[in-house]
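Full structure from sequences and hints, please.
So the sequences go chain by chain: A and B. If you want my numbering, it's the position in the first sequence, counting the first as 1, plus 14. If you want my numbering, it's the position in the second sequence, counting the first as 1, plus 7.
Any given hint could be a false lead.
What the hints assert, rightly or not - On the chain B side, residues computed to face chain A include the following (Cβ under 8 angstroms):
{"hint": "1", "residue": "V224"}
{"hint": "2", "residue": "V227"}
{"hint": "3", "residue": "Q229"}
{"hint": "4", "residue": "R230"}
{"hint": "5", "residue": "S237"}
{"hint": "6", "residue": "I241"}
{"hint": "7", "residue": "P242"}
{"hint": "8", "residue": "M245"}
{"hint": "9", "residue": "A250"}
{"hint": "10", "residue": "P252"}
{"hint": "11", "residue": "A365"}
{"hint": "12", "residue": "I372"}
{"hint": "13", "residue": "G374"}
{"hint": "14", "residue": "V381"}
{"hint": "15", "residue": "S385"}
Stated by the list, open to error - Listed below are several chain B residues computed to face chain A (Cβ distance under 8 angstroms; list not exhaustive):
{"hint": "16", "residue": "A92"}
{"hint": "17", "residue": "E95"}
{"hint": "18", "residue": "N96"}
{"hint": "19", "residue": "L154"}
{"hint": "20", "residue": "V234"}
{"hint": "21", "residue": "L243"}
{"hint": "22", "residue": "L247"}
{"hint": "23", "residue": "F339"}
{"hint": "24", "residue": "I364"}
{"hint": "25", "residue": "V378"}
Source of the hints: derived by calculation from the structure; they are not laboratory data. We treat Cβ as the ideally placed atom computed from N, Cα and C, and that holds for glycine.
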Amino acid sequence: MLAYIVRRFLIIIPLLVLISIIVFIVIQLPPGDYLTTYISSLRASGVELDEREIEGLIRQYGLDRSVTEQYFIWVGGIVLRGNFGWSFQWQRSVNDVLASRLPMTLAVGLASLFFVWLMAIPIAIISATRQYSLFDYVFTFIGFIGLAMPPFLLALVVLWIVYSTTGVAITGLFSREFAEAPWSFAKVLDLMRNAWVPVVIIGIAGTAGLIRVLRATLLDELRKQYVVTARAKGLAENKLLFKYPIRIAMNPVFSTIGWILPGLISGQVIVAIVLNLQTVGPALMRATLAQDMYLAGSIVLILAFLTVIGTFISDLLLAWLDPRIRYERKN
Amino acid sequence: MATVKESKIDEGTLASADEKLLAGVDESREPELEKWFTASQGQLIWWRFKKHKMALIGIAVLALLYFVSMFAEFFGPYGTTQRFAAYENAPPTRIRFRTEEGRFRSPFIYGLTRTVDRATFRQVFTDDTSVMYDVKFFTRGEQGKILWLIPSNLKFIGVDGDVPLLIFGADRLGRDLFSRTLHGSRLSLFIGFGGVFLSFVLGTLLGGLSGYFGGVVDDVIQRMIDVLLSIPTIPLWMALAAAIPRHWGVTQTYFAITLVLAVVGWAGLARIVRGKLLALREEDFVLAARIFGSRQLYIIRRHLLPNFMSYLIVHITLAIPATILGETSLSFLGLGLQPPAVSWGVLLRDAQNITAIAQRPWQLIPGAFVVIAVLMFSFLGDGLRDAADPYKS
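Structure follows, in structure tokens:
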């Protein structure tokens with residue numbers, strides 16, 4: 015088991031290096047850079063800059079170096095000092111900008127993941143054990159809608175329905191009086207009251223996907239011989255169900271983390287923009303538009319990093335849950 | 008030489024024929040059985056597909072959507088840029104069948120008068136019941152080019168008179184949302200094909216190389232796929248789309264967006280192709296063909312490709328809606344197609360905040376089209392998957 019964990023962990027490192035290179039290439043793709051745009055906008059508004067000042071700015075931001083050097087300075091800063099670079103747009107360090115947004119992103123993401131599990135597992139079990147019942151049809155249909163509706167559209171529709179029935183605009187994670195307030199018990203309660211909307215909206219697509227997978231797996235298990243044998247031996251239906259088929263059918267709950275998690279994070283970016291949440295989504299949006307490359311790059315990198323870690327944890331859970339996986343790898 | 012494809016069918020049909028015989032099929036049904044024995048793979052798939060009602064609905068609705076989008080100039084009463092100055096933000100026009108006196112008559116509409124509510128300073132539209140305008144089918148309207156070729160001013164639906172027929176309402180510039188949605192469906196629906204075609208070429212090529220050669224080539228391509236799949240899609244799309252120069256024209260941006268969507272899409276496909284190739288490579292029939300002296304390319308084309316073609320088709324059917332959703336999301340954020348291009352995502356940008364939705368909920372209608380298109384593709388994909396599986400009875 016330990017050897018497996020170590021081996022699995024070692025795969026992560028080259029993966030992260032590759033991701034960081036790709037992310038850096040992608041954020042370097044737009045022609046021009048933030049500073050050129052910034053200088054021309056200063057000029058346009060009548061501020062005169064002499065050559066020396068411009069050179070100073072270019073040197074200060076390291077834009078006079080080659081792309082390779084810029085990459086190593088950026089990644090070196092992250093690895094050695096945990097410094098993600100400078101945000102041109104905010105005139106603050108990236109760490110500063112993300113300090114409050116990242117925990118919120120994580121919290122909403124994890125809450126969505128738990129929501130997905132909380133909803134999908136019981137629904138899938140009931141759907142599979144009562145196949146072709148009204149319950150099954152209703153949730154299969156809702157599942158289809160959940161998969162077909164992009165999260166941002168769902169957010170807009172929910173926003174509209176709530177607004178037109180109650181007149182309340184459900185945007186943001188906090189009520190107005192708590193938005194700028196320091197953390198307190200009341201603020202946490204307020205967060206709980208407001209956060210369920212984005213959590214549910216972001217989680218719907220994942221829930222629909224997981225229900226489909228779980229239901230199919232459980233249906234396959236229920237048709238197997240051992241279920242018939244157990245039933246013939248007179249085992250009580252509930253005991254039989256929870257002791258064998260459900261335990262096996264739970265595998266996808268962990269094996270799907272690998273694609274549900276990136277889906278949740280992806281969906282969250284756009285939903286956050288629509289619902290005006292203080293997460294990394296809106297920051298990424300503005301950073302990509304303004305070519306604020308270190309901020310944009312850091313956000314994409316961190317999101318990818320979280321996904322990789324999530325997949326790693328899911329692999330460990332799977333190995334712990336299902337011994338077959340470890341043996342397969344050995345051969 | 009009996010090809011693999013044919014031998015597969017025989018197994019399948021024999022199995023199902025056996026079952027039928029065991030189940031006690033009477034002599035009178037023999038011709039039917041014979042038909043089953045001699046059916047080609049394509050026919051068998053079609054028979055299974057026909058049983059899938061949802062997939063049939065899916066294919067019908069999609070055919071309708073694509074047909075209407077191709078002939079948007081005919082089905083949409085107005086052009087995408089035609090503005091009605093007095094009808095900015097006007098709600099959908101109500102088509103009526105009853106006059107004020109309560110008599111039924113052929114469909115007609117009223118014009119709208121705009122006033123400003125003194126208390127809320129919002130504009131209010133009221134029906135101007137003095138004149139009834141007839142709704143006409145196959146009327147004449149603005150000159151347009153059907154299928155980019157045939158100049159015609161024939162419209163499917165229109166109004167006799169100088170008031171506009173706004174079936175889905177108007178946007179903030181007084182343009183007809185119905186016509187714009189139909190025109191927009193052209194870009195939105197066909198980007199699915201474009202993006203998937205590119206993913207398909209990249210995916211089969213790289214997946215094929217990976218699975219066929221193995222070794223270092225396989226390792227490099229597999230790591231690339233790992234990386235692409237672990238970066239969350241939408242942030243990656245956003246970062247890539249930001250690289251598209253703003254000054255590019257509609258066509259250039261369109262192809263660039265297609266490329267951006269395909270960059271992520273090929274990875275999943277390549278993985279499937281590789282997995283299938285790895286499994287098939289070890290099959291006896293490949294060994295037999297090799298001993299027989301067939302060339303590698305011949306083996307790939309004649310033996311391997313037909314074997315996983317059905318998986319590819321199913322994957323593609325399910326990848327098209329993902330591409331449509333991708334374009335819609337990017338355009339909605341302002342990173343995808345830019346006005347004056349019209350797509351469902353571009354149209355949804357008008358519904359970006361709570362004020363817009365609260366006052367003009369009809370701006371969400373293009374979103375319903377997105378959901379319907381994606382839903383129908385999912386139905387179709389499910390049906391194809393069930394039909395293409397030769398081991399399913």
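Here is how each hint holds up against the structure:
Residue-level restraint check for V224 of chain B is violated (minimum Cβ-Cβ distance to chain A is 16 angstroms; threshold 8 angstroms). Annotation: V227 of chain B was flagged as interfacial toward chain A, and the flag is violated, the nearest CB pair being 10 angstroms apart, outside 8 angstroms. Interface hint at Q229 of chain B: violated, since its Cβ lies 11 angstroms from the closest Cβ of chain A, which is beyond the 8 angstroms cut-off. Contact between R230 of chain B and chain A, as hinted, is supported at the beta carbon level, the nearest pair being about 6 angstroms apart and thus within 8 angstroms.
Satisfaction of the interface hint for S237 of chain B is found here, the shortest Cβ-Cβ separation to chain A being roughly 5 angstroms, below the 8 angstroms cut-off. Given hint, I241 of chain B at the interface with chain A, holds; its Cβ is 4 angstroms from that chain's nearest Cβ, closer than 8 angstroms. Residue-level restraint check for P242 of chain B holds (minimum Cβ-Cβ distance to chain A is 5 angstroms; threshold 8 angstroms). Proximity of M245 of chain B to chain A holds as hinted, the smallest CB-CB distance being about 5 angstroms (cut-off 8 angstroms).
The criterion of a C-beta within 8 angstroms of any C-beta in chain A is met by A250 of chain B, whose closest approach is roughly 4 angstroms, and the hint holds. For P252 of chain B, the shortest C-beta to C-beta distance to chain A is roughly 6 angstroms, which falls under 8 angstroms, so the interface hint holds. The beta carbon of A365 of chain B comes within 5 angstroms of a beta carbon in chain A, closer than 8 angstroms, and the hint placing it at the interface holds. Annotation: I372 of chain B was flagged as interfacial toward chain A, and the flag is violated, the nearest CB pair being 11 angstroms apart, outside 8 angstroms.
Interface hint status for G374 of chain B: upheld, as the beta-carbon distance to the closest one in chain A is roughly 5 angstroms, under 8 angstroms. Given hint, V381 of chain B at the interface with chain A, holds; its Cβ is 4 angstroms from that chain's nearest Cβ, closer than 8 angstroms. Using the Cβ-Cβ criterion of 8 angstroms, the hint placing S385 of chain B at the interface with chain A is satisfied: the shortest such distance is roughly 6 angstroms. For A92 of chain B, the shortest C-beta to C-beta distance to chain A is roughly 27 angstroms, which exceeds 8 angstroms, and the interface hint is violated.
With a least beta-carbon distance of about 20 angstroms to chain A, the hint placing E95 of chain B at the interface is violated under the 8 angstroms criterion. For N96 of chain B, the interface hint is violated, since its Cβ never comes within 8 angstroms of a Cβ in chain A; the closest pair sits about 16 angstroms apart. Here the hint on L154 of chain B is broken, as its CB sits about 29 angstroms from the closest CB of chain A, past 8 angstroms. The criterion of a C-beta within 8 angstroms of any C-beta in chain A is met by V234 of chain B, whose closest approach is roughly 5 angstroms, and the hint holds.
With a least beta-carbon distance of about 7 angstroms to chain A, the hint placing L243 of chain B at the interface is held under the 8 angstroms criterion. Here the hint on L247 of chain B is kept, as its CB sits about 6 angstroms from the closest CB of chain A, short of 8 angstroms. With its C-beta approaching chain A no nearer than about 6 angstroms, F339 of chain B sits inside the 8 angstroms limit, and its interface hint holds. Evaluation of the I364 of chain B hint against chain A yields a held restraint, the C-beta minimum of about 4 angstroms falling below 8 angstroms.
Look at V378 of chain B: its Cβ gets to within about 5 angstroms of chain A, closer than 8 angstroms, so that hint holds up.
Hints 1, 2, 3, 12, 16, 17, 18, 19 from the list above are not met by this structure, while the remaining hints are.
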